[in-house]
Amino acid sequence: MNFFEIVENTLRDTLGPSLTAFRPEMAVCATIVALLLTRMLAPRWKSSPFWLTVVGAAAALWFAAPWHYLSGETSERAATIFTGMLVFDTFSVYMRSLLFVFLVFFAVLVRVTGVPEREDLTEFFVLVLGAALGMCLMLSANHMLVVFLGIEMASVPSYVMAGMIRHRRASSEAALKYAVYGAATAGVMLYGISLLVGVLGSAHLPTMGTQLADMLAGGHFADRTMVLVLGGLMVMVGLAFKLSAVPFHFWLPDVFEGATAEVAAFLSIASKAAAMGLLVRLVIAFGYAPDATQLAALAPARQYMAMLIGTLAAVTCTFGNLAAYGQTNMKRLLGYSTIAHAGYMMMPVAAMAMLMGGEPAAARSAVSAVAFYVAVYLFMNLGAFAVVALVRNAAGSEEIDAYAGLIYRSTGVAVCFSIILFSLVGLPPLAGFAAKFVAFASVYDAGMLALLAVGLLNTVLSLFYYLRVVKVMVFDTAEDASGAMAMATSAGLYLLIVTAPLVVWGIWWNGLYAWAKAASAALS
Amino acid sequence: MNLLTQPVGLAHYLVVGAILFVAGVVCMATKRNGIGVLMGIELVLNGANLNFVAFGSPSLRADSQYAIGLDGHMAALFVIVLAAAEAAVALAIVLSFYRDHATVDVDEADELEG
Amino acid sequence: MFLPNNPLVVLSLIVFLPAAGALAICLLPRGRTEMAKLSAFCVTVAVFLLTVWLAIPGTSNAESMRFAMGTGRMQHVFSVDWIPSFNIYYLLGVDGISLPLVVLTSFLSMLAMAASLKIDLHVKAYCVLFLLLETGMLGVFMALDFFLFYVFWEVMLLPMYFLIGVWGGPRREYAAIKFFLFTLVGSVLMLIAVLMLYFASDLRTLDTRQLVACHVREDALWQGKTVPGATAGSSGSAENTVGQANRGIRAIVLSDQPLHTFNIMALAEMGQLRRSPFDAKLLWGKSIQWWAFLLLLIGFLVKVPAVPIHTWLPDAHVEAPTPISMILAGVLLKMGGYGILRICYPICPDAAYELAWFVCGVGTLSMVYGAFAAMAQKDFKRLVAYSSVSHMGYVVLGLGVWSITAGNLMSTDYWNLGMNGAMFQMIAHGISSAGMFFLVGVVYDRVHHRDLDRFGGLFAKMPVYSGISMGIFFAALGLPGLCGFIGEVLVVLSVWKYSMVLAVVAASVVILTAGYILWTIQRVYLGPEYKGPHGEALTRMTPREIAIAAPLLALAIILGVYPRALLDYTEPSVKHTVTSLATWMEDVKLPRLQAAVAAEDGKQP
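Protein chains in written order, with this note's numbering: chain A, 1 to 524; chain B, 1 to 114; chain C, 1 to 605.
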């Protein structure tokens with residue numbers, strides 16, 4: 001193959017299937033460019049960033065076309081694009097679609113609550129879209145370089161977003177903590193990647209998997225065990241930071257408290273979803289091989305990952321729930337709740353690692369459980385942070401005390417928030433229950449009874465602090481009975497739209513679950 | 001195997017990379033100055049980079065079928081660029097912290113109860 | 001008839017009419033409190049009429065919504081896709097065990113709503129929550145899909161929490177969270193059992209007749225599964241699968257993967273198989289069904305409630321507003337008993353056999369402890385609450401005895417007796433305890449205290465009230481001729497065959513009951529003039545109060561004099577359940593026990 005052939009092949013691949021599959025990301029890129037240009041060419045159009053972002057995210061969603069790929073009629077297998085750097089399958093379609101849906105809702109939220117400062121709006125949305133681009137890469141990564149690239153692209157704009165409010169001490173402190181911890185864990189992760197890549201002789205994820213299987217089967221492995229285990233652990237450090245898993249969670253409550261509620265929503269939803277998708281991809285890469293003997297040979301790797309992720313999940317979940325008790329600041333409380341939910345979400349991933357060897361159907365169910373959970377979690381946390389932002393605007397405080405007697409001052413908000421909180425606990429007939437149910441079902445199916453027990457125990461534990469907020473809102477009365485809370489109609493409507501899926505999916509989650517199932521169909 | 005008596009091979013590079021990594025981690029963990037911590041992060045990244053480059057070279061490895069070739073070199077280039085971007089952002093954040101707190105001591109960042 | 005003869009429409013209407021009413025009340029304009037109360041009451045009346053209409057006996061005819069007497073099968077069963085991707089169906093039905101409880105629920109809801117008409121705090125919210133609660137309760141008794149059952153079970157939790165927490169007494173927050181916590185722990189345990197049974201279940205173990213009898217949907221047998229064709233080689237491609245739709249029941253035998261199900265009837269059939277899929281070992285040498293039984297039992301016993309997990313009940317009752325106490329005692333407690341009867345025993349007979357001593361022990365303990373605790377109370381409402389614990393102990397005992405055979409005699413008479421007694425006791429207690437709570441509420445509204453020591457002489461001031469009260473209290477006591485008597489006698493008789501000691505204990509609890517109830521009557525209604533606070537407020541019962549209390553008293557008398565009115569409904573279904581379990585005992589368990597004995601004997605010499 002001479003040079004021109006290579007160029008021509010690459011061109012054909014790039015312009016053909018690759019760019020077609022990459023259209024959503026292209027839409028995001030185009031939006032970023034449009035945002036910057038509009039800022040330059042039409043500086044008087046103040047609301048341009050909002051409209052451009054909404055249109056751009058909607059266009060990306062249109063190109064991602066989940067209704068096309070997830071309807072079950074198309075049975076497209078996974079396809080690798082850009083010469084194997086990225087993978088395009090139903091899982092990435094599903095997760096990216098969620099991301100774009102979130103972007104639309106997020107832009108509207110920022111519009112409704114009116115943060116951040118007006119003149120920064122363009123920069124803010126550019127950062128958001130840039131991070132989203134990185135998350136897209138994380139979700140469809142098929143190569144270790146893309147993994148790292150995606151994580152960095154998602155992280156670096158997030159650091160800035162955390163410190164977006166200028167001249168506020170808490171804000172710059174949050175940004176500093178986030179940046180330092182984030183960069184440090186990314187560095188450790190990169191070192192781990194370099195070890196794994198070097199030992200396995202490839203950075204292409206499926207190839208790494210087969211190489212690992214060959215090594216495990218061939219027995220010339222003993223001297224490399226240590227390096228592989230160490231490399232795996234280091235990669236996990238980076239992921240754990242993005243997932244806010246214990247012991248790499250400590251940045252999260254601080255950052256949430258220092259950043260605005262809107263940014264916290266972004267970090268707790270988009271960032272978490274992308275990290276979860278990446279975790280699933282990595283576990284599949286190192287635990288699954290299409291060939292039966294290789295699949296059998298990977299058993300120790302699966303065992304290792306299942307134990308590691310399972311333990312992390314259990315500890316994360318328990319810690320998050322316990323630490324949430326003593327909080328007086330709503331954003332910190334939701335931060336710890338985010339940590340706990342990261343634990344719940346990791347449980348089916350551990351189950352998947354366990355099941356991948358023998359029961360592919362059950363393993364796919366576990367992946368759909370993760371996908372389903374992420375979708376429900378998106379609306380739960382979005383709603384929760386929207387309430388925090390609205391109450392902040394109306395009452396000027398983010399302390400839980402500020403919510404006292406909310407039901408008398410703003411009935412709709414209190415009812416919506418109660419629904420969201422009960423959904424976070426996981427009570428039927430709300431979507432949070434369905435999500436937990438499918439997740440725990442997978443954990444049970446994998447035979448991880450201890451993990452199941454931890455998960456259920458945590459559900460009971462979490463009741464207390466969520467219920468405390470409900471209690472404050474409903475049973476307590478405000479000391480300074482400040483009368484009705486001024487709340488714009490748009491804000492109420494927004495909250496209603498975000499809360500509605502929790503009730504609708506709680507009662508009838510077949511549609512979403514069918515999509516989640518379709519999302520997992522292409523894996524393994 | 002005594003590394004000092006061997007001709008320079010993969011292992012030597014890895015050792016240097018590991019030293020860089022450890023130095024970086026120690027630097028991150030002990031420095032109180034924000035800039036110092038960022039320097040530690042750079043060291044870690046460069047340690048990983050050295051690994052990538054070394055793993056990428058077929059002539060350095062005995063088991064050359066495991067050499068990652070261009071992938072390693074590309075990774076190194078990308079990491080250099082990323083490190084620069086990250087450093088730029090991190091320095092800007094340190095600067096903004098300095099403006100609000102009049103210090104770059106990371107231990108002073110304790111107003112948000114941890 | 002004005003209603004269509006479609007079970008889907010009628011049963012769904014019964015369950016979701018309250019929820020729809022709640023939604024409508026939500027949309028009422030602000031400030032229309034009287035209208036909200038009135039519409040809520042109308043909804044409960046409509047639901048009650050519907051359930052009564054459902055209970056009109058008739059012939060067993062597929063075309064008619066009449067309730068067929070004399071058959072123990074499920075009636076009016078229908079199954080609709082709900083979440084087919086997880087094998088979950090919207091599956092409802094009634095039989096002689098659930099129908100009386102459904103009617104009781106709608107009846108008590110109506111009365112409790114009538115009793116709520118004088119609530120004046122956040123009326124709209126109260127009505128909405130109350131109606132949601134009713135939907136949950138009715139759903140639990142009609143659901144035949146385990147997942148659906150669980151969802152309805154949990155749906156009651158939130159309304160109840162708020163109803164106690166917002167409209168309750170001084171320590172309402174503590175009581176509400178305690179109720180919430182206990183129930184949530186119970187239902188979390190239940191969830192584990194649900195998962196265990198679901199993943200262990202396999203529809204392929206049932207034969208065609210059983211599948212049809214259990215109303216398993218044909219598409220459940222092949223949906224989402226690869227079904228190899230009858231001829232070898234063809235993999236389950238899409239069109240092949242669709243082609244199999246018509247062969248449904250046949251395809252099940254051929255499916256290569258386990259077909260899990262939440263269908264309670266199918267799970268029961270599986271539990272009673274000779275080689276039950278639930279016999280697999282799970283943990284520490286115990287089988288899946290042993291663990292599932294234990295977890296389910298604890299979950300249900302929390303609700304019953306049985307000693308020692310009853311402590312939420314006195315607090316919840318004391319703090320809850322009167323109508324909610326009525327619902328709590330009258331309906332919610334019955335769910336525990338119903339769950340044990342409908343789910344625990346049929347699905348896990350082997351574990352039930354092994355743990356029968358435990359169930360009986362818990363039942364007896366509750367009876368004795370509840371009676372003694374009631375005797376020691378100073379608070380009128382707390383006394384009634386503990387009497388509930390004691391009375392529900394009879395239910396647990398009656399159910400527990402049911403799985404025991406005396407020796408090798410395969411007589412099912414005593415099983416029937418005990419189970420019928422438990423059923424009767426549930427209904428009777430529903431009537432008497434709701435009545436007692438209402439009557440306590442009546443006097444509390446007037447004098448604003450419930451201190452037994454400061455009552456006395458109410459008879460002189462409120463003769464009608466005292467008359468009704470005595471009737472209801474005597475019904476709770478178990479006086480012959482009133483409803484409480486029948487259940488207690490049936491249970492005690494059946495226990496006699498199992499263990500004379502337990503029977504003696506159970507019988508002597510009747511004396512304790514008589515003790516605390518008579519003492520209460522003496523302290524409250526008899527004696528010299530009332531000297532407590534607010535004596536001037538002791539006015540006669542209002543017509544509304546009489547209208548609520550009188551039907552309860554009337555029912556207590558009717559069921560006491562003519563118990564067949566209820567037994568005619570329950571007996572066939574109870575008999576059906578008992579017979580199938582007796583058959584299981586004879587065919588499966590006894591050979592197993594004999595084999596074990598033989599093996600033991602073989603080792604000895």
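A portion of the hints provided could be inaccurate.
[Claimed, not checked] Beta-carbon label-pair distances, calculated as ranges:
#	chain 1	residue 1	chain 2	residue 2	range
1	C	P170	A	T328	48 to 58 Å
2	C	T311	A	V55	57 to 67 Å
3	A	T328	B	L3	34 to 44 Å
4	A	T489	C	L23	15 to 25 Å
The set of hints was computed from the structure by calculation and includes no laboratory data. Note that CB positions come from ideal geometry on N, CA and C, so glycine has one too.
Can you give the numbers of the hints that this structure goes against, from lowest to highest? 1, 3
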